[in-house]
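Those protein sequence lines, which keep their order, are chains A and B.
Under the working numbering, the first sequence has 202 at position 65, and the numbering climbs by one with no breaks.
Under the working numbering, the second sequence has 469 at position 57, and the numbering climbs by one with no breaks.
Since the hints were made in silico from the structure, they are not lab data.
Any given hint could be a false lead.
Said to hold, decoys possible - Heads up, incomplete: computed chain B residues facing chain A, CB under 7 Å, no partners named:
1. 413
2. 420
3. 423
4. 427
5. 458
6. 460
7. 462
Claimed, not checked - Here are the simulated lysine to any residue pairs, SDA-like style, with alpha carbons at most 25 Å apart:
8. 354/A / 450/B
9. 489/A / 490/B
10. 459/B / 546/A
11. 426/A / 143/A
12. 232/A / 426/A
13. 426/A / 546/A
14. 459/B / 347/A
15. 291/A / 251/A
16. 459/B / 383/A
17. 291/A / 407/A
We put the beta carbon where it would ideally sit given N, CA and C, even for glycine.
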Amino acid sequence: MKKYSAFSLLRNAISYNQNWQTAWRKPAPQRRYDVVIVGGGGHGLATAYYLAKEHGVRNIAVLEKGWIGGGNTGRNTTIVRSNYLWTEASLLYEKSLKLWESLSQELNYNVMFSQRGVYNLGHSLQDMRDIKRRVGANRLNGIDAEVVTAAQIKQAIPLIDTSLTARYPILGASLQRRAGVARHDAVAWGFARAADAYGVDIIEQCEVTGINRVDGKVTGVETTRGAIDAPKIGVVVAGHASVLAEMAGLRLPIESHPLQAFVSEPLKPVLDTVVMSGAVHGYISQSDKGELVIGAGIDAYNGYGQRGSFQTIEHTMEAIVALFPVFSRVRMLRQWGGIVDVCPDACPIISKTPVGGLYFNCGWGTGGFKATPGSGWAFAHTIAQDRPHELNAAFDLQRFTSGALIDEHGAAAVAH
Amino acid sequence: MLLLRCPHCGERAETEFSYGGEAGIQRPPDPAGLSDAEWADYLFNRKNPRGAHAELWNHALGCRRWFIVQRDTVNYRISESHEL
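This is chain B alone, in the form it adopts within the complex (with noise of 0.2 Å):
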């Protein structure tokens, strides 16, 4: 189980986070203006990377904010945590 460290509450168990995949990924600012690659890029492709990743998770059993968290996908060690 991860220890995740919440930038509100402190460090909890995975138990108590929801993940949200990874982090960074901007909704484009005219939809409409796209391509339909570019929208399925945005909507579908992910960097998945094996190593340093940066992802969204939730503290849905605490605070309830969303914060970005740096973890290795290989080994799951976490170098930091921060707010949005």
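The following block holds chain A by itself, in its conformation from the complex (with noise of 0.2 Å):
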């Protein structure tokens, strides 16, 4: 991998740009890899590259059914935070929000990440009371987190209603500075060429259809492009976790929603850090082009169809008009639906599975963007080592046979 570099644009200016490397591969399948992972999204990406980097793994494919980065790591509201409240998934998020603080240094790609700071406003005196024991529990955690009044939160960000009189009256919020947000696409970008750069297979237009087993233990794939031996398999398929764990005979404590979002016409800076409401249903940043991004809670029926139902936009819009009236004639100019793999406690599964050899890492449910480095590296862990790093550990699909549940519905900022 040829690095990229102020040198390097200024070589590639002068041969007209003309000589730039492809950012990564296109190869063919081979017949047989040491692990390969289903799923060519961001935490698959990552998965691939900390196998590589962290445990020496070389002969790696990522099969992808359609392009990289085309699911819900291109379809998300990108923000990045670690606010949770319990111990084990708090820990989890910051290891990703730390892996975030360095990642463009690491990939040599600039994944734009911005800390920002998110605010997670509070509506009601129980609002606030939730709020101070998760930022109480934070703080316990090694992890920035403080209350702020109204009144700080109407001079951070001048456009927000925080009258009394208001359908939403805010009260307070709490405030992650550290959180912000990060470009999708060039974390799929930049962790696909990363991990070629160690000599991953990405493998695009690629289907997984059958997942062979023999003797309770995986032997491979079926493909759209053939089969593929592998002693060991990483699914991480986010809205498609059920579909591939029928395919090796489990059953997932998950369902498939679909979670709406929407960006603006590009305006002037108008918001320069990320407000989220989960009383309300709403969240909302500004990006570099100028564009409103906005999130909606999801549509409470199954569905893989990547759209959702018109009141939950509406919903949305009322919401955000709500807390920002300046914001009523401002157009939208796209909408679109991804597919989140909801788990009853609104917590990961990143774990080992009945079934030897095969590793399933799913139900990032409305969040998994901001775990994108998280997740592959101690996905990574799990597939290498067989077993779980002690920040996943908590995470394994036997917890809800044992019980052992991690209640983080009231984290996100919009209920699951």
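Join these two chains into a complex; the hints should help.
Below, the structure is given as structure tokens:
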């Protein structure tokens, strides 16, 4: 891999940009790999990268049915934070946030990680009690968090309506200053390029249609581009986790729902931070292009259609306009849906399975993007060592049998 | 927005209904006799199919009765709805 630098920019400018190296190869699938990762989103590519870098596994394939980063990686609102309530969850997300902080340097690829802060608004006395509890829990775990008043919010975000006559009065918020946003496509491309440099085969347009097993152990996968043998298979396919699980005869505690988001027409800079509100089901930030990026809640029904219902859009827009009356005449440019895999306790599964050599990383629900590097890091450890790292041990599939759930429903800015 | 047909009230907009998830899950008659894994399977595991899905809906802002809808989870088309 040729490094990107100011010098390479100059050198390629002199040669009329005709000699840029391809960011990743397009190899044909080999007959056999040591590890096959199913799913070429951010999590899958990060898994392959950390498998190669941290664990010395070289013979890896990432199989993607469409194009890399074309699923939920490219369909989210790019918010990164780690202010979760429970210790297990907050340490996992904090590991991820720490990886984000040096990710551009590590990958030699600008993922445009911008630590512009995230406000989680409180609209009632109970919201404020919950916020104080969560901020206290975060600080005990060494995560930056603070409680801010409505006056402080108004000072930092002049456009927000903090009047007491507002439809959803704002009493205060939690603020995580190290949180922020990143460029979603760049995360997928950066991990793909860095993994490719370690020799990882990234195979697009290759859909897995079956998981082969002998005596309770995986032997490989059937794909639309032929059979591929592998003693270890890591499945990280977000909304389609249940479909892949069924191929291996497993049942998962997961339901897939459409989750919608929108961007507006580009505006001059008006919002330099991220505002989230669980009570009114909306979150908003402004992209570097000037578009307002707005996220909604999930649609109630199970769906794989990558589109949701209009009343969800209306509900979210009502909330955003109530918080920011000045946005009432902003027009929306695009709307899209992703398929999120929701777990009963709103926490992920990064786990071995009853099938030998088969590993699942799923259940991230509405909040997987922020975890991309940490998820890949922990999943790579689980696959390489055949046992979870202590950071993801609590996220075992077994927790649904033992009852040791990690109830994070309250930690998302949008109720799952 | 889905257009759901309540067996009692006819076709109504999705906003009148609340969703109840996978249909046909029977509560085990003797929970104490189950292993933890069997109980967890009843409690948490779901088919979550890509395609035909039998699901429960409640006409919350209408007759308030539960009924079963056969719906495709990819194109969202509803093939039938009938009483429990």
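Practice item. Decide if the proposed pair is consistent with the structure: residue 291/A and residue 251/A, CA atoms, cutoff 25 Å inclusive. Key: 21 Å, holds
Review point. Under the criterion of a CB-CB separation shorter than 7 Å, is residue 427/B in contact with chain A as hinted?
Key: This hint holds: residue 427/B lies near chain A, its Cβ roughly 5 Å from the closest one there, short of 7 Å.
Point to revise | 25 Å Cα cutoff - pair residue 354/A, residue 450/B | key: Judged against 25 Å, a Cα distance of about 22 Å means the pair holds.
Review point. Can the hint on residue 413/B be confirmed by a CB-to-CB distance to chain A that is less than 7 Å?
Key: OK, holds: residue 413/B within 7 Å of chain A, min 5 Å.
Check your understanding: Regarding the pair residue 489/A and residue 490/B, is the alpha-carbon distance no greater than 25 Å?
Key -> Violated, because 37 Å separates the two Cα atoms, which is more than 25 Å.
Review point. Does residue 291/A pair with residue 407/A here, judged by a C-alpha cut-off of 25 Å?
Key: Holds. Residue 291/A to residue 407/A sits at ~13 Å (cutoff 25 Å).
Exercise for review: Assess, step by step, whether the Cα of residue 232/A is no farther than 25 Å from the Cα of residue 426/A, and give holds or violated.
Suggested key: Distance ~29 Å between residue 232/A and residue 426/A Cα, so the pair is violated.
Practice item. Return the status of the interface hint for residue 458/B: holds when the least beta-carbon distance to chain A is below 7 Å, violated otherwise. Key: 5 Å, holds
Practice item. Report holds or violated for the interface hint on residue 462/B, using the least CB-CB distance to chain A and a cut-off of 7 Å. Key: 5 Å, holds
Check your understanding: Does residue 460/B meet its interface restraint, that is, does its C-beta lie within less than 7 Å of any C-beta in chain A?
Key -> 4 Å, holds
Check your understanding: Is the Cα-Cα distance between residue 426/A and residue 143/A 25 Å or less?
Key -> 23 Å, holds
Exercise for review: Could you grab the alpha-carbon distance between residue 426/A and residue 546/A and see if it respects the 25 Å cut-off?
Suggested key: 32 Å, violated
Checked against the numbered hints listed earlier, the structure breaks hints 2, 3, 9, 12 and 13; every other hint is satisfied.
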